[in-house]
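Quick note: the sequence shown uses our numbering, first residue 2, plus one each step.
Hint data in this document are derived by calculation from the structure and do not stem from the laboratory. Any given hint might turn out to be false.
Claimed, not checked - Label-pair distances were calculated between CB atoms; the ranges are: (1) G33 with A10: 46 to 56 Å; (2) L37 with R146: 42 to 52 Å; (3) A116 with A45: 12 to 22 Å.
Remember, predicted model here, so these are calculated numbers, not experimental data. Glycine residues also receive a C-beta, built at the ideal position from the N, C-alpha and C atoms.
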Amino acid sequence: MVTGHGVRARVAALVVVVIGVASWLLWMLVTGEGTLVPRPSWLAAGLLAAMAAFVIGFAWPVRSYLAGSSTRRLDPLRAARVVVLAQAATLTGAAAAGWYAGQLAVVASDLSLVANEDRLWRLAILVGASVVLCIAGLLAQRWCRVDPRDTDD
2 MVTGHGVRAR
12 VAALVVVVIG
22 VASWLLWMLV
32 TGEGTLVPRP
42 SWLAAGLLAA
52 MAAFVIGFAW
62 PVRSYLAGSS
72 TRRLDPLRAA
82 RVVVLAQAAT
92 LTGAAAAGWY
102 AGQLAVVASD
112 LSLVANEDRL
122 WRLAILVGAS
132 VVLCIAGLLA
142 QRWCRVDPRD
152 TDD
């Protein structure tokens, strides 16, 4: 799952699909008995977006150092922690996107209920915020990658 190149985009896509199908099945069972999908919170979307901003913010100094544009010394342990944070953000964003996409599919299948119209937009925004977190993690991993040196030098 995690190789020398970090978490790959296809692994994140697989997580989205697997969690999305599981979420869809779960919410189909729950809503089959007459219950509505819970109304999602705007706070969740804000937190996902804030986490994406933090991941990018922590990866930026590593990127600057590796590009040679930073004059400050970079602690290797900090750089390693940023890579782990980026990998966790990628997988968290993918899992959240799948979770909310499954709910979105259930809500979109029954728009005859007025309550589902509000839930539809909220869930779509949550899926988008989750994808942003996943992309931020993938980008931060790329920024922190150190290419192997040539052995001829």
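Sort out which numbered hints this structure fails and list those numbers smallest first. When the structure is compared with the hints, only number 1 turns out to be violated.
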